[in-house]
Amino acid sequence: MLSRRQLAFIRSVAVAVIGAVVIWIGAAAIILAIFGRHAPAAAPWLALAKFASLAWAAGFGWMVSWRRLDELAQEARKASWFIGATGAILLTAPIMLLWLLNGGAFLTRLVARGTPGAYFAMGWIGLVFAQLLGSWIASAVWWATKR
Amino acid sequence: MKNRLKALRAERGWSQAELAERLDVSRQSVVSIENGKYDPSLPLAFKIARLFCQPIEAIFQD
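Protein chains in written order, with the numbering used here: chain E, 107 to 253; chain V, 291 to 352.
These are computed hints drawn from the structure, not numbers from a lab.
A hint or two may mislead.
According to the in silico footprint, chain V covers these stretches of chain E (three or more CB under 8 Å from chain V) [unchecked claim]:
| # | stretch |
| --- | --- |
| 1 | 136 to 150 |
| 2 | 172 to 182 |
For the chain V half of the interface with chain E, some residues (derived, Cβ under 8 Å), not all of them [claimed, not checked]:
| # | residue |
| --- | --- |
| 3 | S305 |
| 4 | Q306 |
| 5 | D314 |
| 6 | S319 |
| 7 | L334 |
The beta-carbon is built from N, C-alpha and C at its ideal position, and this holds for glycine as well.
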């Protein structure tokens, strides 16, 4: 038999998915009614509707997944993110020193054919990846100490 | 912090999963509290005290 927590989770997933579908279909119907099926002007609005639909599912899912955690699991995530993410930032900070050396020559050689956009994306993805990795490690250690 | 959660649970013949369901927490939380590895929040401590009809200080000790 499903527990209350499991039932609440299933209910929340249903609300997230159905809400996203309703937003997408509803917005698309309105946009197509206004612009017509093949009008190029509809494309950015359809993309925005798709984004709104995904944002609803992701935002609602994030909120619900946090609220359905009990206090121990919430503590684990808080501690893991704080320790893991700040640790990752501190550990990756020396990369900035490489940028300072010789006017960034080392990093420029490393990513020679990159565009400014690629540099930006690489920096963002790199930091996100480092923070995720740091928080996973911190999470594993945190749970090991609570058994 | 020490506690008598395991003994109180055993007196009632509840499993860890049953107690977790009654407290609306995960079984891992019950395990961690029973082993003294995690101190519950004040709201959860009150919930535990109410469930076992005992004052908090009768369940949790320094």
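Results of checking the hints against the structure:
1. 136 to 150: With 0 residues closer than 8 Å to chain V, the stretch 136 to 150 of chain E misses the three-residue bar; violated.
2. 172 to 182: Three-residue rule met by the stretch 172 to 182 of chain E, so holds; n is 5.
3. S305: Result: violated, 13 Å to nearest chain E Cβ.
4. Q306: Check failed: Cβ of Q306/V comes no nearer than 13 Å to chain E, outside 8 Å.
5. D314: holds, 7 Å
6. S319: OK, holds: S319/V within 8 Å of chain E, min 4 Å.
7. L334: Hint on L334/V: holds, closest Cβ of chain E at ~6 Å, below 8 Å.
Going through the hint list in order, the structure does not satisfy hints 1, 3, 4.
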